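Now for the letters of each chain:
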Amino acid sequence: MGNPITIIKNGILNENPTFKQVIGMCPTLAVTSSAINGIGMGLSTAAVLICSNLFISILRKVIPDTVRIPCFIVVIATFVTIIQFLLQAYLPDLNASLGLYIPLIVVNCLILARAESFASKNSPIDSIFDGIGMGLGFTIALGVIGLVREFIGAGTLFGATVLPEAFPRTLLFVMAPGAFFTLGCLMALLNYFSNKKKA
Amino acid sequence: MDLILLVLAGIFVNNYVLSQFLGICPFLGVSKKVETATGMGVAVIFVITLACAATYLVYNFILVPLDITYLYNIAFILVIAALVQFVEMFLKKSSPSLYQALGVFLPLITTNCAVLGVAVVNMQNEYNFIWSVLNGIGSAAGFALAIILFAGIRERIEFNDTPKAFDGFPMALVTAGIMSIAFLGFSGLIKL
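Residue numbers (this note's numbering), protein chains in the order written: chain A, 6 to 204; chain B, 21 to 212.
In short, the hints are calculated from the structure, not lab data.
Since this is a predicted model, take the numbers as computed values, not measurements.
Heads up, a few of these hints could be off.
A few chain A residues that face chain B, going by a derived Cβ cut-off under 10 Å, partial list only [as the list claims (entries may be wrong)]:
1. Ile28
2. Met30
3. Val79
4. Ala82
5. Val85
From the three backbone atoms N, C-alpha and C, an ideal C-beta is built for every residue, glycine too.
I would like the entire structure built from these sequences, with the hints used as guidance.
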């Protein structure tokens with residue numbers, strides 16, 4: 006470790022939190038009814054992840070091993086509260102559409118998992134890059150799922166109508182079941198290509 | 021009557037797993053066998069009910085009087101983490117058999133977002149104590165129902181010949197999607 010590009014690439018491709026590690030599923034499925042929401046959620050999570058990684062890495066020699074999980078959670082919850090206030094103040098629309106899922110970033114297993122498996126063992130600089138990589142990987146995944154659902158379900162991309170009015174919308178895709186189907190099919194697609202590569 | 025409707029709405033109409041996406045991690049993670057799914061479901065009902073009561077008390081008797089409600093997120097997650105730990109220790113002493121049965125699932129519940137989710141929803145809707153607890157029971161029962169049904173379906177899928185690319189998670193997600201459509205049938209049934 007130590008090479009920033011390797012660490013970032015690791016987060017986006019090799020260990021993509023959504024498609025490879027399958028963690029942080031709740032926001033992935035819940036807020037991806039449009040691309041904007043997906044990316045907004047991804048970036049908020051990334052911001053929390055980068056800050057919490059940095060602070061946990063700085064404090065890693067101070068935090069006693071036995072109570073590390075509660076300590077991590079407090080650090081994460083602090084940054085989530087800060088992000089929530091920033092969104093309320095500067096992006097009220099996004100805040101309204103993400104709603105309940107902003108406070109729930111606290112229990113996003115992705116953040117705790119990176120704190121436990123990376124930030125508590127590596128230097129602050131490496132941890133920042135790990136946060137950037139994982140955060141970007143998460144944002145890209147959420148963005149892609151959001152794009153697909155928005156396109157099929159509402160016929161729009163980033164809010165702009167692209168499908169002609171006469172074309173039927175599959176409303177199911179912006180509702181709950183569509184989230185499961187989209188993620189399932191995207192994962193199957195990735196599996197298909199990686200199986201082909203191996204063969 | 022309203023109270024009964026609240027519980028039923030939590031189980032069927034606003035099912036936390038299939039329509040609100042809370043608690044997806046354990047839903048996908050520990051649903052390979054009906055037995056373990058049942059264990060998880062029971063543990064979640066237990067913890068959510070207690071957590072709803074505890075977070076209600078903390079919010080209304082500590083955070084509100086001190087005017088620090090903006091700290092609710094930190095306070096709730098700490099209460100839940102402490103509660104889970106406490107329940108674990110209590111069960112170990114008082115009921116070893118139940119502890120054995122729930123054992124591994126208890127620590128996992130801290131990061132089950134349904135627990136925090138229900139607590140936050142109770143707070144945002146300004147439910148009173150009884151409503152909060154009943155909302156917790158209903159939502160948790162909905163989670164248990166979903167995970168047990170899902171595990172039953174997954175057990176059968178194991179023995180089927182699915183396309184190779186769909187092995188594992190993709191198949192589980194598609195199954196969950198179909199279940200979610202089934203639960204959509206309940207929507208609009210109860211309006212609170």
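Outcome of the hint check:
no.: 1; hint: Ile28; verdict: holds, 7 Å
no.: 2; hint: Met30; verdict: holds, 4 Å
no.: 3; hint: Val79; verdict: holds, 6 Å
no.: 4; hint: Ala82; verdict: holds, 4 Å
no.: 5; hint: Val85; verdict: holds, 6 Å
Hint compliance for this structure: no hint is broken.
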